[in-house]
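The lines below spell out each chain.
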Amino acid sequence: MPDKQTTSFEGLYNAHRPKVQRLCRMLLKDSAEAEETGQEVFLKLFKQYQTDSWPDDWNAWLTRVTVNACHDRRKSAWWKWWRSSNGEVQLAECASATRTPEEEALGREQRGHIWSAFRELSGRQQEVFVLRYLEGWSTEEVARTLGISEGSVKNHLFRAVHRLREVLKHNGDGS
Amino acid sequence: MTGCLEDKALFLLSEGEASEAQRSHLQNCRTCSKRYDEIQRDLRLITHTLGQEPTPVRLAKPGAPILYRSLPIAAGILLAVALMWGESRLWRPAAPSEQALNGEVSQFMQQVAEAIDGGTIKNAGTASSDTDLTSLQVALGETCSDECRDLLDNAFATNTQSNTKPSDRSFVTVKKRAIEPAMKRLVSDMDE
Chain U
1 MPDKQTTSFE GLYNAHRPKV QRLCRMLLKD SAEAEETGQE VFLKLFKQYQ TDSWPDDWNA
61 WLTRVTVNAC HDRRKSAWWK WWRSSNGEVQ LAECASATRT PEEEALGREQ RGHIWSAFRE
121 LSGRQQEVFV LRYLEGWSTE EVARTLGISE GSVKNHLFRA VHRLREVLKH NGDGS
Chain A
1001 MTGCLEDKAL FLLSEGEASE AQRSHLQNCR TCSKRYDEIQ RDLRLITHTL GQEPTPVRLA
1061 KPGAPILYRS LPIAAGILLA VALMWGESRL WRPAAPSEQA LNGEVSQFMQ QVAEAIDGGT
1121 IKNAGTASSD TDLTSLQVAL GETCSDECRD LLDNAFATNT QSNTKPSDRS FVTVKKRAIE
1181 PAMKRLVSDM DE
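Those protein sequence lines, which keep their order, are chains U and A. At position 112 of the first sequence (counting the first as 1) the number is 112 in our numbering, and the numbers step up by one without a gap. With the second sequence counted from 1, adding 1000 to any position gets you our numbering.
Derived by calculation from the structure, the hints in this document are not laboratory data. Hints may contain errors.
To be verified - Only pairs whose alpha carbons sit at most 27 Å apart, straight line, appear in this in silico DSSO-like list of lysine-lysine:
{"#": "1", "chain 1": "A", "residue 1": "Lys1008", "chain 2": "A", "residue 2": "Lys1034"}
{"#": "2", "chain 1": "A", "residue 1": "Lys1008", "chain 2": "U", "residue 2": "Lys154"}
{"#": "3", "chain 1": "U", "residue 1": "Lys154", "chain 2": "A", "residue 2": "Lys1034"}
Said to hold, decoys possible - Some, not all, of what chain U presents toward chain A, calculated at C-beta under 10 Å:
{"#": "4", "residue": "Met26"}
{"#": "5", "residue": "Leu134"}
{"#": "6", "residue": "Phe158"}
Ideal placement from N, C-alpha and C gives every residue a C-beta, glycine not left out.
Produce the entire structure from the sequences given, and follow the hints as far as they go.
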């Protein structure tokens, strides 16, 4: 367990800020809303930091808190979702000049389609997909964090992957 | 091919959840093996796309979305207006039609005009003065002398003349002026 002598709040903030913001941007459609939710998460981190009950793993704790905060935000802001649901996803230009094999395989427009399809997934499917494939958590960890069964996690995962693969195929797969 | 694994079974295989029979089928079936590899490749592409930085920027589509977004608002406003209109229709008392109302008004106005122009008022005034004079005559009774009758006749005559010009003087004024001197004389005669 980390202690206060070796772990500063500033250190935690700097280490986890990019990841928390990326998670919020993935799970929320509105970038301003994602920013607000990220702030809320770090406020919770600060409060938790001041208590004596520190988690074993700040990374897992922050991921869990972020996913739950985004979940709550989506539930409370249905009208904002509706307002922004007609948006079109466009990929920003990649800053790096080098292109990975995956980027070579997929065109920019096709990546936009994948993002659009991801946005159309249900909130739970998005959460499961992000935790399982982007955060690399096990099915059991995802189930425990989200408070659902492992079977549900697998079902959500399958539906999400199935839908994303459909989009990939209909828009010309990368082969 | 019969016995080939479904997409979900192949996906669950990648999640480490599969029976021994399914695993052995995957090793022996070229089609399923190829499909499994496709799933893995697609999953890599998707994960890489969603995990890459910078994250996508969402831009609003111009034109159509604004229309779609305003549709529920417009529908709500229309519904509210319809409800208000229906409510007012429901609670408004049943009014006669405009045409019937106009007919009644014009008929009433015609009656008023006839009453004014046709001399109803004038006749009423004459009748009233006649009644007054008759009442006076009855009140005087047998004491009314020939002179008294002459005075009353004069009063009738004056009254008739004044009724020809109702706008110049009122009936009451005419009656007073005609009767007053006669009455004074009559009272003085009686005293004597």
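Proposed proximity, lysine 1034 of chain A with lysine 154 of chain U (alpha carbon, max 27 Å): Satisfied, since the Cα-Cα distance of roughly 22 Å is no more than 27 Å.
Proposed interface contact between phenylalanine 158 of chain U and chain A, which counts if any beta carbon pair is under 10 Å: Holds: closest Cβ of chain A sits about 5 Å from phenylalanine 158 of chain U, inside 10 Å.
Classify the hint on leucine 134 of chain U as holds or violated, based on whether any CB of chain A lies nearer than 10 Å to its CB. It holds, given that the least Cβ distance between leucine 134 of chain U and chain A is near 5 Å, below 10 Å.
Does lysine 1008 of chain A pair with lysine 1034 of chain A here, judged by a C-alpha cut-off of 27 Å? holds, 15 Å
Does methionine 26 of chain U pass the interface check with chain A, least Cβ-Cβ distance below 10 Å? holds, 7 Å
Can you confirm whether the C-alpha distance between lysine 1008 of chain A and lysine 154 of chain U stays at or below 27 Å? Answer holds: lysine 1008 of chain A to lysine 154 of chain U is near 10 Å, not above 27 Å.
Checked against the numbered hints above, the structure breaks none of them.
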